[in-house]
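Here is what each chain is made of, one letter per residue.
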Amino acid sequence: MQTAQLLEIRNIEKRFGGLTALADVSLTIKRNEIYGLIGPNGAGKTTLFNVLTGLYVPDRGEFEFDGASLVGLKPYRVAESGIARTFQNIRLFGNMTAMENVMVGRHVRTHAGAIGAILRTRRTRDEEAAIRSRSGELLGYVGIGQLAGALSRNLSYGDQRRLEIARALATEPKLLALDEPAAGMNATETAELRRLLVKIRDDGVTILLIEHDVKLVMGLCDRVAVLDYGRKIAEGEPARVQKDPEVVRAYLGGALP
Amino acid sequence: MGDWIERLEKLRSHRAAPWMGIALIVVTLMILPFALASVGTAWVRITNLAILFALLSLGLNIVVGFAGLLDLGYIAFYAVGAYCYALLASPHFGLHLPFWIILPIGAAVACVFGVLLGAPTLKLRGDYLAIVTLGFGEIVRVFLNNLSQPVNITNGPQGVTLIDPFRIGKIDFSRTDNLLGLAFSGPIKYYYLLLVVLVVAIVINLRLQNSRLGRAWVAIREDEIAAQAMGINTRNVKLLAFAMGASFGGVAGGIFAATQGFISPESFVFVESIMVLSMVVLGGMGNVWGVILGAILLSFVPEILRYTVEPAQKALFGRLLIEPEVIRMLLFGLALVLMMLYRPAGLWPSKRRKREFSEADHS
Chain A
88 MQTAQLLEIR NIEKRFGGLT ALADVSLTIK RNEIYGLIGP NGAGKTTLFN VLTGLYVPDR
148 GEFEFDGASL VGLKPYRVAE SGIARTFQNI RLFGNMTAME NVMVGRHVRT HAGAIGAILR
208 TRRTRDEEAA IRSRSGELLG YVGIGQLAGA LSRNLSYGDQ RRLEIARALA TEPKLLALDE
268 PAAGMNATET AELRRLLVKI RDDGVTILLI EHDVKLVMGL CDRVAVLDYG RKIAEGEPAR
328 VQKDPEVVRA YLGGALP
Chain B
2 MGDWIERLEK LRSHRAAPWM GIALIVVTLM ILPFALASVG TAWVRITNLA ILFALLSLGL
62 NIVVGFAGLL DLGYIAFYAV GAYCYALLAS PHFGLHLPFW IILPIGAAVA CVFGVLLGAP
122 TLKLRGDYLA IVTLGFGEIV RVFLNNLSQP VNITNGPQGV TLIDPFRIGK IDFSRTDNLL
182 GLAFSGPIKY YYLLLVVLVV AIVINLRLQN SRLGRAWVAI REDEIAAQAM GINTRNVKLL
242 AFAMGASFGG VAGGIFAATQ GFISPESFVF VESIMVLSMV VLGGMGNVWG VILGAILLSF
302 VPEILRYTVE PAQKALFGRL LIEPEVIRML LFGLALVLMM LYRPAGLWPS KRRKREFSEA
362 DHS
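Protein chains in written order, with our numbering: chain A, 88 to 344; chain B, 2 to 364.
Honestly, the hints are just simulated from the structure, not real lab data. Don't take each hint at face value.
Interface residues of chain A toward chain B, partial, derived using beta-carbon atoms under 8 Å [what the hints assert, rightly or not]:
#1 G159
#2 P162
#3 A166
#4 F180
#5 A201
#6 R207
#7 R210
The C-beta atom is built at its ideal place from N, Cα and C for all residues, glycine as well.
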């Protein structure tokens, strides 16, 4: 049974000492949509990501992802259940090649253990070959196939962002959570990124997107939510949200006449 | 001269060159103990000890080199393996199990100790982990020293004596056998056995390095949070590194106990942990061949000094001015300082380590 909604976040609250980073945030992400999460700096977007992917435990509230609760799961279990993420400040394995980075992403969907590796059984060798070929495919998919052998820390900024997406896709996610993927990109790179995201969505992966580039969000997302000081102040279609007086106030400050 | 180089190049590019190289190494290793024995049996023993240290270094390489977990108490696993063997094959308890049963037991018990050390230290990194592992190594030694009361298990500081040598069928590793006109002494037999174990250890190391697990270890070393986000169960993967590393120590310890015939807690002091770690760091963390090189160098150079420094001083000054031990430590310190200055990634670093250190240079 597949419901229309993939992820339901209910009344999430997260406090750091006296600071309430997230207050009673609820949102629902439907299957196969691109869902944008915007808001001024410090609004709690990344905190929500960290709570969602198990890095932080929320003080209150819950999520239901694909019919199962995720609250309190360790990050690796979250990845196992089908949420993959990228990081705002790129976190690649710098001294591994692009190929190896993606191969690490295959970890969660493969099984070879120590014994298999030591005895180099038929099954392990086959699996290893499959990991390699799939990783190569994914590098091609995001458009950096020719850079497979390059060290990830030597890649250009835009290519590193792509590589992070390829690595996340290697975990076969149902939901791909991207933390500011267009940050630091020029206009051409942003346009390419946008095409890539549409392609990923068309191939059946739901996307949750944090982004500062309002133009990108507005043109790309099916629905957006706006966070401000840890509260959700608006949600809906981009064009409607854009005109919401509360949103305008959050971004520009003060009341407009 | 140019003719020679040309010929050498031709030889190198020959299709069979790698096989010839391997054959050459094998033959050398086969003849080596007899050549050493003709100089003195002591040198065969020293070589055996060097191979044992190479085994230890390969084990520690998994923990430190692959997974990046700094372990300063590694010798504890060596001790665990040695005591396993000593207690199960000596008059102390009257048990005399054959070695091929005890070595796996020793490896398994060391594994358990590896997990015991790993479990409480999962959240620690770097300096903090180093301190805890250091403490762990000391705790094991203190236990061995004191577990003679109320029930005598380890026989305390006196250690365990009369440990059985290895026996394979009728071949006794403590006696000399003559075969094809060659005298196979005890140390020479252990040498061949150790060589086999070393080859197995190398194969295991290399295969782990290029596996799903090996990648997971490197990923954890590079960025633990990203590794978790990619679905790596960092807890299990780290524990596995500790356990696998420890099992190498356990096996090496068992063979050590058999070759010595006597062990006491004194053989497993903190300095030995540092020694093994130095071998790994000096040789080149993460690179199997570098680590072995480090073990061989640090095992042999002190012995060579021991045999040359004393006679040299006596010949030059007529008496002994500086103890060989003092010179050994001096040179050891100097070597480490020079290493850190000029080859921080090790004598024979892995490609990855080289990159890490070159990054540090550029930034």
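Hint-by-hint comparison with the structure:
For the restraint placing G159 of chain A at the interface with chain B, the shortest Cβ-Cβ distance is roughly 15 Å, beyond the 8 Å limit, so the hint is violated. Taking 8 Å as the C-beta contact cut-off toward chain B, the hint placing P162 of chain A at the interface holds, the least distance being around 4 Å. Interface restraint check: A166 of chain A against chain B, minimum CB-CB distance 3 Å, threshold 8 Å, status holds. Checking F180 of chain A against chain B by beta carbon gives a least distance of about 4 Å; that is within 8 Å, so the hint holds.
At its closest, the beta carbon of A201 of chain A sits 6 Å from a beta carbon of chain B; the interface hint therefore holds under the 8 Å criterion. Contact between R207 of chain A and chain B, as hinted, is supported at the beta carbon level, the nearest pair being about 6 Å apart and thus within 8 Å. Using the Cβ-Cβ criterion of 8 Å, the hint placing R210 of chain A at the interface with chain B is not satisfied: the shortest such distance is roughly 12 Å.
Hints 1, 7 from the list above are not met by this structure, while the remaining hints are.
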